[in-house]
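Q: Quick mapping for you: the protein sequence lines, in order, are chains A and B.
So the first sequence is numbered by our numbering: it starts at 1 and just counts up by one.
So the second sequence is numbered by our numbering: it starts at 165 and just counts up by one.
Calculated directly from the structure, the hints in this document are not laboratory data.
Quick caveat, the model's predicted, so the values are computed rather than measured.
Careful, some of the hints might be misleading.
[Unchecked claim] As a list, the in silico DSS-like pairs of lysine-lysine whose alpha-carbon atoms are at most 25 Å apart:
| hint | chain 1 | residue 1 | chain 2 | residue 2 |
| --- | --- | --- | --- | --- |
| 1 | A | Lys139 | B | Lys324 |
| 2 | B | Lys332 | A | Lys148 |
| 3 | B | Lys172 | A | Lys148 |
| 4 | B | Lys236 | A | Lys148 |
| 5 | A | Lys145 | B | Lys239 |
| 6 | A | Lys149 | B | Lys324 |
| 7 | B | Lys324 | A | Lys148 |
| 8 | B | Lys236 | A | Lys149 |
| 9 | B | Lys336 | A | Lys149 |
| 10 | A | Lys149 | B | Lys332 |
| 11 | A | Lys145 | B | Lys332 |
| 12 | B | Lys310 | A | Lys149 |
| 13 | B | Lys236 | A | Lys103 |
| 14 | B | Lys336 | A | Lys148 |
| 15 | A | Lys145 | B | Lys183 |
[Unchecked claim] Chain B residues, not near chain A, derived (Cβ > 12 Å throughout):
| hint | residue |
| --- | --- |
| 16 | Tyr190 |
| 17 | Thr205 |
| 18 | Glu246 |
| 19 | Lys279 |
| 20 | Ala288 |
| 21 | Met306 |
| 22 | Asp309 |
[As the list claims (entries may be wrong)] Computed beta-carbon distance windows for the label pairs:
| hint | chain 1 | residue 1 | chain 2 | residue 2 | range |
| --- | --- | --- | --- | --- | --- |
| 23 | B | Glu295 | A | Phe127 | 33 to 39 Å |
| 24 | A | Pro76 | B | Trp268 | 36 to 42 Å |
| 25 | A | Gln49 | B | Pro251 | 48 to 54 Å |
| 26 | B | Lys236 | A | Pro121 | 44 to 50 Å |
Beta carbons: idealized from backbone N, C-alpha and C, even for Gly.
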Amino acid sequence: MDEELKRKIEKIYKDTEVEFPERNRMVVKTKKASTLSILEFLKKEGFRQLKAISCVDWIKEGEFELIYHLAPLNSPLHVMVKIRIERKNAETETILKIFENAKVYEREIYELFGIEFKGNPDLSPLFLENWHDLPPFRKDFDTRKYVKKTFDEIPSVEDRNERT
Amino acid sequence: MDRKNILKWLKEPGKMGHKYSLWAVYFCTGCGIIEIPPTITSQWDAERFGVIPVATPRQANLFMITGYVSVKTLKAIIRTYEQMPEPKYTVAFGSCPINGGMYWDSYNTIKHIDKYIPIDGWIAGCMPRPEAIFIGVTKLWMMIDKGAATGYIRYRKNYKFYRRNQEKLFGKLPWPPLYPVDEKENKNG
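This is chain B alone, in the form it adopts within the complex:
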């Protein structure tokens, strides 16, 4: 522990809490999840960085989207993301969620995941090594320190547009909106 940081932490203790307790929801999409077992077990030990996998989205605040996202999986991702308590951070992992990767012309794979849910950080590569995950986590720490990891705030602010994009793909969604989508209420809230 660095003594110089104590004053900073006393100013904003919440940030320190969020930073060192990134609990990742154990949600597997595509092939990227193959990198997660070595990352969380004793070989690389993600717990050094405060990252542990948890079973339910209600306890998690880090969402790693590992690998290609099919249209059906996106539905589950949106539901999982909306269940997580704030503050929540999302990291797109691998090249497929970024721009489709090798599935760029596939009829059933989402090309740009950030059109449907907000993304705080991207880890490029196919597949990224566990070291890349730790670099991503430390970058996320820096972003939380500076207040730049604002995905959940952007989601609340632009919920109308995110919901519209989701409905363009799925037709009518079977669950009610998370935040009010009426324009008047949106301005107040």
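With the rest of the complex left out, here is chain A:
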């Protein structure tokens, strides 16, 4: 079944590579433009569950890698659809039309990596409070500098009493 699916995908989408790095694992590397159609195709093939969306920051290559994890309900095959997007002005299309549960995943990635999902109606902060800095999961975000700037600057209340 897996080899058949591989042949099907590579026949329809020319600029797509399909690999099997290990048992029950399929990696589909594709271009940003064909994300929506390939996800729709896979959904029709039976991969009806979107498990997660994860993101990797490849800072030296100047790219973000978005990984959509799909799984069918009746077989152990795990499909990862990988796309690369530019680090500058990072944005991509939302997949809300195909998988409705992507709403929260996209919101999280927007908050932690700063990738904008065009068409997602709610990209409000999920975990962070009062955040005015770079998105914290980017590789060029200096967490120690942020800690010094934010938490260490706040004075201790009890010490103030001892001094005065």
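Following the hints, put chain B in place on chain A, whose structure we already have.
A: Structure of chain B alone, referenced to chain A:
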């Protein structure tokens, strides 16, 4: 019961009441809460020491902050702490609330919890065993006896500074101040 203590108790019956009825608010932050179920159930039986968990902060007077505190959780902690009736005692539990612990350079974890709410006692360790909780409770008894567990009094006295620290982190807080923050009123009260 020790007969020698009866006179002492008659002098200050309130202290005895506070001492032996430490009701802990069942508020879980971080991984430290994993030590609480064995502590309150029959294995270690915290009720020997008068410590029982209660559901709402309105009935509690002991607040154990168990484990790392994220920025969002701190907001809930402040709200819970302000709802508890006085006298109230707070114990920071584990090394993360003390100085950040292993999250010392994390962007979303509070490093020193005592900058935002007053802390009466600290239990160090990662994780502290249930025995450490009981040692902490007995130390808290001694502090209550001597009148040294004054966290809630310090909070009332320095509320302006605690509130200022909280606002530095969160921006404007969505709830009104618990005590008057105006300087003139602060001196009178």
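Q: Indicate, hint by hint, whether the structure satisfies it.
A: Evaluated hints:
no. : hint                            : in the structure
1   : A:Lys139 - B:Lys324             : violated (38 Å)
2   : B:Lys332 - A:Lys148             : holds (14 Å)
3   : B:Lys172 - A:Lys148             : violated (49 Å)
4   : B:Lys236 - A:Lys148             : holds (19 Å)
5   : A:Lys145 - B:Lys239             : holds (23 Å)
6   : A:Lys149 - B:Lys324             : holds (22 Å)
7   : B:Lys324 - A:Lys148             : holds (23 Å)
8   : B:Lys236 - A:Lys149             : holds (18 Å)
9   : B:Lys336 - A:Lys149             : holds (19 Å)
10  : A:Lys149 - B:Lys332             : holds (12 Å)
11  : A:Lys145 - B:Lys332             : holds (17 Å)
12  : B:Lys310 - A:Lys149             : violated (39 Å)
13  : B:Lys236 - A:Lys103             : holds (21 Å)
14  : B:Lys336 - A:Lys148             : holds (21 Å)
15  : A:Lys145 - B:Lys183             : violated (44 Å)
16  : Tyr190                          : holds (24 Å)
17  : Thr205                          : holds (32 Å)
18  : Glu246                          : holds (16 Å)
19  : Lys279                          : violated (5 Å)
20  : Ala288                          : holds (18 Å)
21  : Met306                          : holds (20 Å)
22  : Asp309                          : holds (22 Å)
23  : B:Glu295 - A:Phe127: 33 to 39 Å : holds (35 Å)
24  : A:Pro76 - B:Trp268: 36 to 42 Å  : holds (41 Å)
25  : A:Gln49 - B:Pro251: 48 to 54 Å  : holds (53 Å)
26  : B:Lys236 - A:Pro121: 44 to 50 Å : violated (23 Å)
Hints 1, 3, 12, 15, 19 and 26 from the earlier list are contradicted by this structure; the remaining hints agree with it.
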